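For reference, the chains in residue letters:
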Amino acid sequence: MSKQYETVIGLEVHVELATRTKIFCGCSTAFGGAPNTHTCPVCTGMPGSLPVLNKKVVDYALRVGLAANCKINQLCKFDRKNYFYPDNPQNYQISQLYLPICHDGYVEIDTAAGKKKIGIHEIHMEEDAGKLIHDEWEDCSLVDYNRSGVPLIEIVSEPDMRSAEEVIAYLEKLRMMIQYLGASDCKLQEGSMRADVNLSVREVGSEKFGTRTEMKNLNSFKAIGRAIEGERARQIELIEEGKAVVQETRRWDDNKEYSYAMRSKEDAKDYRYFPDPDLPPVHISDEWIDRIVKSMPEFQPEKQARYVEQYGLPQYDAGILTGSKKLSDLFEETTALCGKPKKVANWLMGETLRLLKENGQEPEDLQFSPKHLASLIELAEAGSVNNQVAKEVFEQIFAEDVDPEAYVEEHGLKTVNDTGLLEETARKVLENNPGPVEQYKSGKTKVLGFLVGQVMKEMKGKANPAAAGELLQKLLSE
Amino acid sequence: MEIKDMTAVQLSAAIKEGKITVSDAVEASLAAVRASEDAIHAFLLVDEEGARARAAEVQKKIDAGELTGPLAGVPIAIKDNICTKGLATTCASKILQNFVPTYDAEVITRLEEAGAVIIGKTNMDEFAMGSTTETSAYGVTKNPWNTEHVPGGSSGGSCAAVAAGEVPMALGSDTGGSIRQPSSFCGVTGMKPTYGTVSRYGLIAYGSSLDQIGPVAKDVTDCAALLQTVASYDAKDATSMKRDDYDFMSALKEDVSDLKIGIPNSYFGEGLDPQVKESILKAADVLKARGAEVEYFDLDLIDYAIPAYYVIASAEASSNLERFDGVKYGFRAKEYEGLHDMYKKSRSEGFGPEVKRRIMLGSFVLSSGYYDAYYLKALRTKALIKQEFDRAFEKYDMILSPAAPSTAPRLGESLSDPLQMYLGDIYTVSVNLAGLPGITVPCGMDDKGLPIGMQLIGDCFSEKKLFRAAYTYEQARGAFGQPEKR
Amino acid sequence: MANVISDETMEYVGILAKLELKDEEKESARQDMQKMLDYVDKLNELDTSKVEPMTHIFEMGNVFREDEVTNGDDRDAMLANAPEVKEGQYKVPKTVE
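Residue numbers (UniProt numbering), protein chains in the order written: chain W, 1 to 478; chain G, 1 to 486; chain P, 1 to 97.
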């Protein structure tokens, strides 16, 4: 009989904080600038430059730590992590090893077996590295320091997870919490949230942990799931063959669904951490902590309950809407404008999510303004546009945040409420379709839909289908 | 009086009175540089064109009454580890050849606002690592008093330039004595201020927790004037301190009657040149005669300062110097195979032996398994040394000591035995470990005609007391003289 | 107790520090390091068990920057110092195998 194995997983999650400027200098953190245009002597490691800490970074790190039930090191320090790599301009990264800002917390996740606490070992602040691009043409690499010095927090979990499902639940929980805190947009694909997976296997019942490996380059929940399955299988195979698992860092290639060891004899992995003499320790007062605790936002579970209570939404809808900070913000702002929560919910859960999925985007990528969605809902409610047109217009709002009123006007999409014209068209349709008219009169009232469709077609989609239906019914009963 | 013989403050006064122009002052300095450089080699770069253009600008501002400070129009030399926008800054290292900063150090901005005129960049030990200015990649600087001797280091170029009369004043930097020791060897006055008094922004770091920029000048008055010009709280340097009082010149009074001066017994034992000892004790007598209370006392732990210092300074240096890698600026090796080889070759060819020695030592003491035993041990020792000084300053206003155990050694004598060279830092390194201010004032000559300097060490933030005592001594001593004119 | 510095240690430190000594430099570098560490061992005479390591001389309050963009684009001036540049980026030997 084959042995049963248990997977033991701990995560190191890096989150880019939503500050305007970098952690140690006044350069912008904005995405998409031309290479090296958001750099200065500090974040390119010019000699003589010195780091000065961005207060907002500490504030965000505290928010996340307190939301994750952490203890706070009210005296925390920055350390230098020394290693040579071109994306690291000083060849040391300023991070926190000895006294990280937060430690010993937890978050609670839902699993098939009920609620489970995942321990947070620590959260520390550090700076991001630059970007390296491989230039195939010249067989060299090019360095862009625009991301160098962007603030990160690294959230290190305890090895408390046992499956890919738990890992994903934990990540989703963290992501939602951080988004709710406004500390980061946590986009995996853009790299503003990144997870390294530490994984080992052991025989079920064993007290001792197996040798773990660390897996990097996981940029979607799917990749994380596949990498965990792949690594678990690889380690079990090694053990079954009587070979040892080597403690190492592996890089996951999601296309090949295979990981390979990142090893170089030129890297000793001895980071020679020591306290950074350029940065005085950070003191976090009780008042600072109190202020943050008092300003904690309403998190997902409370918000979901409130949506049910206040807006009369079904649990399911409230759950989906509050599953993303961006979606819930849009919901609340749009509802405040148009006063139709159920309609707003329908638009967000239906068309919005459909289009996001089609485009491979996340709710955090949404760009349209609540004002435009509200005005579209009002247009539809007033019967000024019919459903079909409304969907078309929404696609434009989704893509380019157009003003629906102007758009409808400009493209002549307004429902024709000229009853004379409608009646004239309806009569023409009845006249041209004697067959269906007969069917209707003989009791097959379903054909009404067909007739309405014909009216819509005649009027190039600009009729109000409900009005057309009523009118047809009236004319047929004459 | 000839321009060359004027102090900085005298020069600026003469300019303001219209007796001479800024241009006269700058031309006199450039002429002195031309006359001395072949023999001394204090400068790595002389910016004649820039200095002349600047002289004209400064003159206009002085005429318009916009510049009224004590250093307006005065030529100055800058140690080459201080970044100057548009002017090559090399740290006397091959690895920074052709590096032209795109930014000024904060002290340069201060000097420009005060109307000083930068003449050029001075030679130094490579990355300020050394005590003789012989580890420079660009040739040695010679002592103006006797060109067969070293000027000391690492700010040897700055001190030699002032001693030779090439400039009336200069900026140096002091990590373990690099202003005070060469000031002693060159017969000039130099101060290392309390840590955090002068912004380190733009000072290319050696040991970040120890480095301070400070003044090198002909006399105590100029030293105070230069320090009050460059000292400031700077938001760009997180270790910079806000001080209540930057008016150091107001301390220049002849009065030591309220001061209690301690002389550590342990500083006058084995290893101290008898002529230096005699000269320093005479200087102490002068202060006593002027009314100071002078007393011998026991200052412990002095033997531990050097090992603690070299562990801490080398550890920080090993990290600070990682950025010199051939990627963003400076030297990149011509031939290499791949990234890591490029790093190794660029750094091995770009750094000199003393710098490599300290990087290796620093990397080792921080490496896995040795961090506690060496690095943390050194930081704990530093805390004990600080406590020892705290106790001393409960009893004394200042400590009087030599700046170096001997006068300037001959060229070529020091580098063969690094440890022996490090031991020469015995009187200076503990001051940096404890963040204290220290000033060196010339107090005598040995029988070889080489200057001897007395060091006064104060408690943190007590620069004004030091200036007052140094000024009082200087007035009693009288003119110190200058190296023989060539 | 002095640590004995072996050739392997020197090799290892060379990897950490990215320094490659010539064969003729190696032995004297090893001896220098050994001498220096033997000398540093003097610190072991001190009982420091009750002393906290002192990383910063002064107790200071917090030193922070506000989160405001203050830097513009000075790319071309900075890149002018780089040994090799391509398309606004620092050019280095390829970093992937």
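No wet-lab data here; the hints were simulated from the structure.
The reader is advised that the hints may include incorrect statements.
Now the stretches of chain W that chain P is said to cover, found in silico as 3 or more residues with beta-carbon under 8 Å [to be verified]: (1) 37-47; (2) 75-86; (3) 129-138; (4) 177-184; (5) 270-276; (6) 304-312.
This one's a predicted model, so the numbers in the text were calculated from it and none came from an experiment.
Yeah, the Cβ is synthetic: ideal placement off N, Cα and C, and Gly gets one too.
### Query
For which of the previously enumerated hints does the structure constitute a violation, in increasing order of number?
4, 6
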